[in-house]
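Using the sequences and the accompanying hints, generate a full structural model.
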Amino acid sequence: MKTISRKPPPQADGYFIKTPPEFTKGMAQQHYHAMNVLLRMARITGNQADMELSLTTLMDLAAEIAPYDWGLFYLWDDNKNSLQLRISRGFGKSFPPLLEKGNLIARWTFQYSKPIFISENASKEMEHYFSLLETDSVISIPILTNNRVIGILQLGGQAERKWTEEAALLIWMLAMQSEALFHNSQTEREFLRRMAMTDGLTGLFNRRYFDEQVDREIQRSYRTGKPFVLMMTDVDFFKKYNDRYRHLKGDQALREIALILKARLRQIDTVSRFVGEEFSVLLPETNEAGGLAVAKHIRVSVKNHSFFGKEKKREVRMTMSIGCSIFPHDGKDKEELIHRADLALYHAKEAGRDQVILFSQLKNNRSYDKQSKEEQNVF
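Residue 81 in our numbering sits at position 97 of the sequence shown; the count goes up by one each step and never skips.
These are computed hints drawn from the structure, not numbers from a lab.
Nothing false has been slipped in among the hints.
For lysine-lysine, the following DSS-like pairs were computed, each having C-alpha atoms within a straight-line distance of at most 27 Å:
| no. | residue 1 | residue 2 |
| --- | --- | --- |
| 1 | LYS316 | LYS210 |
| 2 | LYS246 | LYS333 |
| 3 | LYS224 | LYS246 |
| 4 | LYS246 | LYS223 |
| 5 | LYS98 | LYS146 |
| 6 | LYS297 | LYS223 |
| 7 | LYS287 | LYS246 |
| 8 | LYS287 | LYS224 |
| 9 | LYS85 | LYS98 |
| 10 | LYS233 | LYS280 |
| 11 | LYS85 | LYS233 |
| 12 | LYS246 | LYS297 |
| 13 | LYS223 | LYS280 |
| 14 | LYS280 | LYS333 |
| 15 | LYS280 | LYS210 |
| 16 | LYS224 | LYS294 |
| 17 | LYS146 | LYS297 |
| 18 | LYS333 | LYS316 |
Just so we're clear, the structure is a prediction, and the values are computed from it rather than from any experiment.
Right under this line is the structure:
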């Protein structure tokens, strides 16, 4: 890691939190709820919970202490010599490229290993920067192991949040509790390897891992002579839900859908977040009938789940469309298999959504020949 100056620039020095992270009697009386949140984090770090789920929980607990409009978690990558974004909340698809590899405040936090709290209208110098982030206040906290910064927890809020330095202190305490997560992992290298194949929002595997797993399943299928099912799913009208109830509830909905999927699958199955509101599933040693049964079970489970709507009321229902292809009957390689599951998903959406379609159903449809010639235009 390159040597850096330990003397902060004048504009940064005024934003560092200088109060020691101690719970005073007055804070205990005013923030008893936050104390319970800190105790919950202590339990998570104490029982060595799943790392990715723990980081997602960290973001959830931070929102309970200081409700935020957006949240970020960065990890330091020694190989790339830069901060790498692992979790983002509240941005949806309008994520600013500015934030992909850190930002000015995150770099100050990293370089000087100090927590930062920039309150509303704290400085004219930050006006332009805050306008890009559409925010009025920022809390930025370093995560350390062995006196080395390995991560940054960063939260942003608009004026109505009315954050105080006490709120920033509580988030600092929460972050200090979370440092045990990194100590409890077998090695830092193993943690970073796992994070590289994990979706930061849902804790599921990511697209990169899914692609590699499809290759492994194809090889296993050749060895065992047994088929497997590849499933592509899409949450119907998710953009409308996201636009109406905002990105934080949209993020929460995606995490709940991820939990539904995991609960309906076996341990040997693989579920990944493919992109946006699309999820992919692999069912090893499963035939067409078995895949159809699982897909229908998932569709019904999502349809029967109540999601958050206005305020904290669970009053919204959503549906899911699913397309399936079977190896080796519907494709001999990864690209063909994914493409044909995608095509089945496309037809499920076109046919009215909230349904499951197998690629074999398209092959048996008289219009399939015409559709197959148009596949390149569709995708």
